[in-house]
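Each chain, letter by letter, is given below.
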Amino acid sequence: MIEAELKKKRISGDYGFFIFKLQEKIENPDAGQFVMLKAPDEPILAKPFSIYSYKNRELVLFIKRVGRLTGRIFSSPIGEIFYVRGPHGNPYISSIDLTKRYILVGGGSGISPLNFFSELHPELTYTKLYGFKEAHIRKLFNENEQKHLVIEEESGHTVVDALNELISEEVGIIACGPIPMLKNLPKNAYVSLEAVMGCGVGTCKSCALKTIEGVKLVCKDGPLFRKEEITWEWI
Amino acid sequence: MGVDLSIEVFGIQFKNPIVLASGPAGFGFELQPYLDFSKVGAITLKTITVKAREGNPPPRLVDAYGGIINSIGLQNPGIKGFITEIVPELNKLNTIKIGSIAGFSLEEWQLLVEEMDKIKEIPLIELNLSCPNIKGKRRWAEDVKLTQKVVKTARELTNKPIIVKLAPDVTDIIEIAKAAAEAGADGLTIGNGIQAMRINVETGLPVLKLKTGGLGGPAIKPITLARVFKTSEVLDIPIIGIGGIMDWQDALEYAMAGASLLGIGTAVMVDPQSPTTILSGIEAFLKRKKIKRFRDIIGIAHRGGFSVS
Ligand SMILES: Cc1cc2nc3c(=O)[nH]c(=O)nc-3n(C[C@H](O)[C@H](O)[C@H](O)COP(=O)(O)O)c2cc1C
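Line by line, the protein sequences are chains A and B.
If you're matching positions, the first sequence starts at 1 in the working numbering and goes up one per residue.
If you're matching positions, the second sequence starts at 236 in the working numbering and goes up one per residue.
Just so you know, the hints here were simulated from the structure itself, not pulled from any lab data.
Computed from a predicted model, the values in this text were never measured in an experiment.
A portion of the hints provided could be inaccurate.
Stated by the list, open to error - The list that follows gives simulated cross-link-like pairs (lysine-lysine, DSBU-like), each with its CA atoms no further than 30 Å apart:
no.	chain 1	residue 1	chain 2	residue 2
1	B	446	A	216
2	B	522	A	220
3	A	183	B	327
4	B	315	A	210
5	B	370	A	210
6	A	25	B	274
7	B	372	A	216
8	B	327	A	220
9	B	274	A	227
10	A	220	B	446
11	B	446	A	210
12	B	327	A	64
13	A	9	A	100
14	A	38	B	286
Could you put together the complete structure from these sequences and hints?
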């Protein structure tokens, strides 16, 4: 695995930006792909994180604190060494209709791959909606980004409400976020899924997903799927 | 001076003792971009059943202190799918392939052994008698008589070496190991995941959909290691030691306890390159100790350690 030194962090509540400097480069990551990140000791497994941004061996992750590994990252001092490998998973552009432009709908840490998408593929980006519950999140984002934030605490609207005001036939939807949010999306949306992963490369079969074509793996066949393709009861 | 890492067991020459354990490495292909298979002694392929299985509903994996619990549920394409889709690809992996099978009845075991026997790409067969992740099913390896029955059945149907994968969490593993050997097993794999679970305190429910699963990783190493040690004390049959090998020291402990081959499961999932890292660690250790052949340290813990040599 590649050494990744924690260079900077900016935290608000349970969300934060973390910048890692990698000792070696990872191969041309594209939006939707993820890295497997491991703490030096506990927990044992590496966990998948979507890439928020990547340039010159500098990896930016936007992380929500949920468990042991993320807790560890939040409390780590600058200079701490982690390990990464990747990129794994398929770029969004390998599965979407490239003749369309897309509304990028993110919920919580789900905004990560969407940000990378808008950076790498501005021509395919129609607009971005970044949904959060809490208003304190605003201080993590710069002036340009403020307009993309849809904050439930402020407006009483969810990001899906905001989306419904914008949708039209011509524009597509790519969404990433919590399962209840994804389930509320209109038809034909592409959804980017999270799953408990073991290996991240398709061997261990931990991130199984039931689809109309049988069981697939989020790591190897995804993370992007068409909403209608998924047997949601299995999740 | 080079170190000789090779080892001959079951009448087969392995270039080194590292074996990818059944499951975490799948059929190997996905790992090829990350792992140099020419440096791996063997891969035990994902367990195959008669019918294709989609596996258990997720979540199928959860972190536990010092290990991971999985309940994949033997997701696999079934023996037919295996033969048509996987076997033709196997020669791409430059290492020995051990075929792993699991039947749900004696007839199924029969069929699986017969099919495996015909596959020339697969020189050895592992009987997975110990999968902890099948709903409502007792493990064959919990019962002396059942173990014996399956091994006997298999023995009559093939001349290929038969390895029996035992459960580490049984009342008396030696009794079951003896039964397997008497019934004609050429080798033993000790062991498999240990039945385990976690509960989400917020929901008050088991984390895994199947409720329980098999614990692998560092937490089980001292337990499985003791089983390997005890078994090799009383039985003279090659053992593949599996359970929590994360680094070269772990691997050497198994060799010193009496294992001829060293299986790596969880570690491959954490870092697909770990088998080669572990192998170079073993090699460096042997050089430092001025031991010419890996096989000289097998079971050394039974022979008074290094002071005797
Ligand atoms: C994701 C996963 C899938 C597994 N699938 C199988 C399997 O199909 N057949 C089998 O015999 N063992 C299977 N195992 C058990 C491993 O081969 C191994 O015995 C166990 O994980 C202990 O080794 P470890 O501590 O190195 O992981 C699986 C383990 C894991 C983690």
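These are the hints, each one checked on the structure:
For the suggested pair residue 446 of chain B and residue 216 of chain A, the alpha carbons sit about 22 Å apart, so the restraint of at most 30 Å is met. For the hint linking residue 522 of chain B to residue 220 of chain A, the alpha-carbon distance of about 40 Å lies beyond 30 Å, and the restraint is violated. Between residue 183 of chain A and residue 327 of chain B the CA atoms are separated by roughly 41 Å; this puts the pair beyond 30 Å, and the hint is violated. For the hint linking residue 315 of chain B to residue 210 of chain A, the alpha-carbon distance of about 22 Å falls within 30 Å, and the restraint holds.
Of the supplied pair hints, the one linking residue 370 of chain B and residue 210 of chain A holds, its CA atoms being roughly 19 Å apart against a limit of 30 Å. Only pairs whose Cα atoms come within 30 Å are accepted, and residue 25 of chain A paired with residue 274 of chain B is accepted, the gap being roughly 25 Å. For the proposed pair residue 372 of chain B and residue 216 of chain A, the alpha carbon gap of about 25 Å is at most 30 Å, so the pair holds. Between the alpha carbons of residue 327 of chain B and residue 220 of chain A the distance comes to roughly 20 Å, so the proposed pair stays at or under 30 Å and holds.
A hinted pair counts as satisfied when its Cα atoms are at most 30 Å apart, and residue 274 of chain B with residue 227 of chain A does not qualify at roughly 42 Å. With a C-alpha separation of about 26 Å, the suggested pair residue 220 of chain A and residue 446 of chain B falls inside the 30 Å cut-off, and the hint holds. With a CA separation close to 19 Å, the supplied pair residue 446 of chain B and residue 210 of chain A stays within the 30 Å bound. For the suggested pair residue 327 of chain B and residue 64 of chain A, the alpha carbons sit about 41 Å apart, so the restraint of at most 30 Å is broken.
Of the pairs offered as hints, the one joining residue 9 of chain A and residue 100 of chain A is violated, with about 35 Å between alpha carbons and a cut-off of 30 Å exceeded. Under the criterion of a C-alpha separation no larger than 30 Å, the hint pairing residue 38 of chain A with residue 286 of chain B is inconsistent with the structure, at around 36 Å.
In this structure, the hints that do not hold are numbers 2, 3, 9, 12, 13 and 14, in rising order.
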